[in-house]
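Engineer: For the record, the sequence lines run as chains P and H. Residue numbering for the first sequence follows this note's numbering, beginning at 5 and increasing consecutively. Residue numbering for the second sequence follows this note's numbering, beginning at 5 and increasing consecutively.
Honestly, the hints are just simulated from the structure, not real lab data. Honestly, I wouldn't trust all of these hints.
Copies of the same chain are indistinguishable here, so a pair counts whether it falls within one copy or spans any two.
Simulated pairs of lysine-lysine, BS3-like, Cα-Cα distance not exceeding 25 Å [stated by the list, open to error]: (1) K186 <-> K200; (2) K384 <-> K320; (3) K28 <-> K6; (4) K58 <-> K393; (5) K110 <-> K6; (6) K384 <-> K440.
Number of protein chains: 2
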Amino acid sequence: MKLVIIGGLSGGMTVASQFRRLDKESEIIVYDKNPYVSFANCGLPYYLSREVAKREDLIARTPNQLNDQGITVHTEHEVISVNDQENYVTVKNLQTGETFNDYYDKLVVSPGGEARTLDTVKDAKQSFIFQHLHHLDQMDAYISENDVKHAVVIGTGFIGLEVTEQLKKRGLNVTVIQHNDKVYSTLEQHFTEHIKQTFDEQDIHLMLNTTPKSLDGTTLTLDNDETIDAELIVQAIGILPRTQFLESSNIVLDNGFIPIDEYGLTNIDNVYAIGDAVETNYQHVPNKKVSVALAWPAHRLAYVIANHLAEKNNHKHDGLLSVSILRFFDITVGSMGLSLEDLEGEDYIIVEQTQNNKAGYMPDATPLSMRIYVDTHTRKILRASGVGKNGLDKRLDILSTLTRLGGTVDDLIDVEVSYAPPFSSPKDIINMLGYKTIGKLK
Amino acid sequence: MKLVIIGGLSGGMTVASQFRRLDKESEIIVYDKNPYVSFANCGLPYYLSREVAKREDLIARTPNQLNDQGITVHTEHEVISVNDQENYVTVKNLQTGETFNDYYDKLVVSPGGEARTLDTVKDAKQSFIFQHLHHLDQMDAYISENDVKHAVVIGTGFIGLEVTEQLKKRGLNVTVIQHNDKVYSTLEQHFTEHIKQTFDEQDIHLMLNTTPKSLDGTTLTLDNDETIDAELIVQAIGILPRTQFLESSNIVLDNGFIPIDEYGLTNIDNVYAIGDAVETNYQHVPNKKVSVALAWPAHRLAYVIANHLAEKNNHKHDGLLSVSILRFFDITVGSMGLSLEDLEGEDYIIVEQTQNNKAGYMPDATPLSMRIYVDTHTRKILRASGVGKNGLDKRLDILSTLTRLGGTVDDLIDVEVSYAPPFSSPKDIINMLGYKTIGKLK
Numbered sequence: 005m006k007l008v009i010i011g012g013l014s015g016g017m018t019v020a021s022q023f024r025r026l027d028k029e030s031e032i033i034v035y036d037k038n039p040y041v042s043f044a045n046c047g048l049p050y051y052l053s054r055e056v057a058k059r060e061d062l063i064a065r066t067p068n069q070l071n072d073q074g075i076t077v078h079t080e081h082e083v084i085s086v087n088d089q090e091n092y093v094t095v096k097n098l099q100t101g102e103t104f105n106d107y108y109d110k111l112v113v114s115p116g117g118e119a120r121t122l123d124t125v126k127d128a129k130q131s132f133i134f135q136h137l138h139h140l141d142q143m144d145a146y147i148s149e150n151d152v153k154h155a156v157v158i159g160t161g162f163i164g165l166e167v168t169e170q171l172k173k174r175g176l177n178v179t180v181i182q183h184n185d186k187v188y189s190t191l192e193q194h195f196t197e198h199i200k201q202t203f204d205e206q207d208i209h210l211m212l213n214t215t216p217k218s219l220d221g222t223t224l225t226l227d228n229d230e231t232i233d234a235e236l237i238v239q240a241i242g243i244l245p246r247t248q249f250l251e252s253s254n255i256v257l258d259n260g261f262i263p264i265d266e267y268g269l270t271n272i273d274n275v276y277a278i279g280d281a282v283e284t285n286y287q288h289v290p291n292k293k294v295s296v297a298l299a300w301p302a303h304r305l306a307y308v309i310a311n312h313l314a315e316k317n318n319h320k321h322d323g324l325l326s327v328s329i330l331r332f333f334d335i336t337v338g339s340m341g342l343s344l345e346d347l348e349g350e351d352y353i354i355v356e357q358t359q360n361n362k363a364g365y366m367p368d369a370t371p372l373s374m375r376i377y378v379d380t381h382t383r384k385i386l387r388a389s390g391v392g393k394n395g396l397d398k399r400l401d402i403l404s405t406l407t408r409l410g411g412t413v414d415d416l417i418d419v420e421v422s423y424a425p426p427f428s429s430p431k432d433i434i435n436m437l438g439y440k441t442i443g444k445l446k
Numbered sequence: 005m006k007l008v009i010i011g012g013l014s015g016g017m018t019v020a021s022q023f024r025r026l027d028k029e030s031e032i033i034v035y036d037k038n039p040y041v042s043f044a045n046c047g048l049p050y051y052l053s054r055e056v057a058k059r060e061d062l063i064a065r066t067p068n069q070l071n072d073q074g075i076t077v078h079t080e081h082e083v084i085s086v087n088d089q090e091n092y093v094t095v096k097n098l099q100t101g102e103t104f105n106d107y108y109d110k111l112v113v114s115p116g117g118e119a120r121t122l123d124t125v126k127d128a129k130q131s132f133i134f135q136h137l138h139h140l141d142q143m144d145a146y147i148s149e150n151d152v153k154h155a156v157v158i159g160t161g162f163i164g165l166e167v168t169e170q171l172k173k174r175g176l177n178v179t180v181i182q183h184n185d186k187v188y189s190t191l192e193q194h195f196t197e198h199i200k201q202t203f204d205e206q207d208i209h210l211m212l213n214t215t216p217k218s219l220d221g222t223t224l225t226l227d228n229d230e231t232i233d234a235e236l237i238v239q240a241i242g243i244l245p246r247t248q249f250l251e252s253s254n255i256v257l258d259n260g261f262i263p264i265d266e267y268g269l270t271n272i273d274n275v276y277a278i279g280d281a282v283e284t285n286y287q288h289v290p291n292k293k294v295s296v297a298l299a300w301p302a303h304r305l306a307y308v309i310a311n312h313l314a315e316k317n318n319h320k321h322d323g324l325l326s327v328s329i330l331r332f333f334d335i336t337v338g339s340m341g342l343s344l345e346d347l348e349g350e351d352y353i354i355v356e357q358t359q360n361n362k363a364g365y366m367p368d369a370t371p372l373s374m375r376i377y378v379d380t381h382t383r384k385i386l387r388a389s390g391v392g393k394n395g396l397d398k399r400l401d402i403l404s405t406l407t408r409l410g411g412t413v414d415d416l417i418d419v420e421v422s423y424a425p426p427f428s429s430p431k432d433i434i435n436m437l438g439y440k441t442i443g444k445l446k
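Required output: the full structure, derived from the provided sequences and hints.
Structural biologist: See the structure below:
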């Protein structure tokens, strides 16, 4: 059997190595348009400030290691079309310009996303996107070689915030520009006040409701005619699924995303899809679709696809809760479940609780604020979110586990947290959210 | 209605205040044999080193606050017998010696445990137990007034370890004595190697397989004839349910513990029991009995009892998972589910995993070791345990939530943890335990 994989990061490469463990015989070929594969995407920002001290720590497996595993990788090879009738992909060698066809028995499509850019700035030599290892390398070298002192980050999504934090920690002055008045718009805006406060504390200049109008050298003029010093510009305005090349095929797309079934299969019976470009459903609200561009879902689906390819166990993918979390300096923000937009049409009450993350008499206790959106009919949690300095991650994990297992707010009060004063409270915020909700719902 | 409560700590006092919120009319009387009520038991050790800086931070509610709430508290009043036929308790005023009867409509029994003592040392002026606020006060004053430099802690349960840590942090030399070769015997002994290593690192003298033979002044002679300097002796060798006074009644006891039903009722229909002296069942293995002397279960059961007393909601207590956790200097140990002894007769496999608590390239990633005991028939987790510097608490919380909701190891691989490099891994230890177990079981 010959397996061709398009894309050599979390999704595609994890399928490759998991499948190789289950099947020693089949041929595995990976094409990736970028110069590097198998690196830790999520870790890239942390090298900017050298919080991650060594670049090589970001490499999961080297080309040699992959080769030793029996995985053939072709970097800087872009798959430009798929012929699912005759089972081949057309590949362009980006170094030589030549194209060729490669036949497959099974195909895994893991193309990821394409970072969006801004016409006003994208062609300037100091403009970068931040998505792949070579982007990090380029930006890192540019900062050093040009002794950059002032950076502009456009966008306040998680990449924008992570890069902002890291550039600041590297010693740069940073200005952050956001086109509307919403910082980290996936979170409730009253929670993001903590992020705005952190901008102030860290002396980072946040400019809301504005966009770049023109760039002249290192002078960036905004649409309100203010000018700012922009020796470095990071465009962090989101990603789009990189699936245009699939329009050559019969693979169904939905707004550019690839719908998949419970085994990761597309509508074509020997073509799987994985990673940032796939569309699945919320596990707890199966009639609503969701795309989650994070590493965790890619790793889970890789297991399902690898086992299905190898005809081993039939573990099924049953959707995602879309848990996400972000550290921004000393605060953490995160959420689980339906996005704010996807709450539309649901019938819910909101319950919010603020209390210390551990026994209040402990010297390092800090406040944690959480909110849950509870379906008034099923009493299940549709969404949870929060902010705090410590301990948000574990409460989201509890709510994610409870929700995945079909639990309701009535179960919340009985969630037995591991309690000792350094860790939690006998009435943990999770239990209190349960008490409060039951009081409101009954 | 007149409610009498025996015991004014986590169990009894939480019932009192929760019931008061639900019922403004009834009379609530609390008897406690000790001088203080409504303090944070679990926090007491941390005042020894002034990690908790102010003694008043350990007081949950003062007698005046309780009085304002309409809760009448009699401290240093010991209930010496219960007449459940005629519905009265006999109370001894420990200050005057007089006894009297007090009638109740409903009775809540929350007597807690009695710390065990050692005949060899218990009568010495430098010997203490560590259970109540006045014990802390006495020991704290004794250390200061006598400028104590050398302390001996007998026992390596969680009180022994917490007090050892705190005395060391206060600057004392500490010797710890354990009668057998097991440190913190509720945990797997290979995990407790980390505790032993911490003893070494902290320069605390650990003496195993020995017991005190005689005490002469501050010289403690052990059964191996070694002598050690014992200016302060802490007896931390466990607790027994303080239920002897109930032998006057028809309340059923089981090995000294009070069995309760799903509403916290004893066998007598107007007598409830709560706290360290009750016996319930494991939630996930209902045919096995368990007693958990911790604050978390007391707070949960208090809600059930208060609501049942007030004839409000019928939330039921359905047993405990017996989650426990302990910080000892920079390490954390903990467990969930059946005790090592209670595993007997179960049919299980053991799966263990050691990996970093977060993305390995993050500078503060530290190893975490966890073990799960999985029922080979039901595929449910009977017990989990582990050790690590950080992040054990949240993994135990996940396993506790999953187990309470009836989840199996097949659900483990899909537990959607909140992932970003500062918090976890795309293949979190929880997910890895799932993969490993499925591989072993199938």
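Engineer: So which of those numbered hints doesn't the model satisfy?
Structural biologist: No numbers; nothing is violated.
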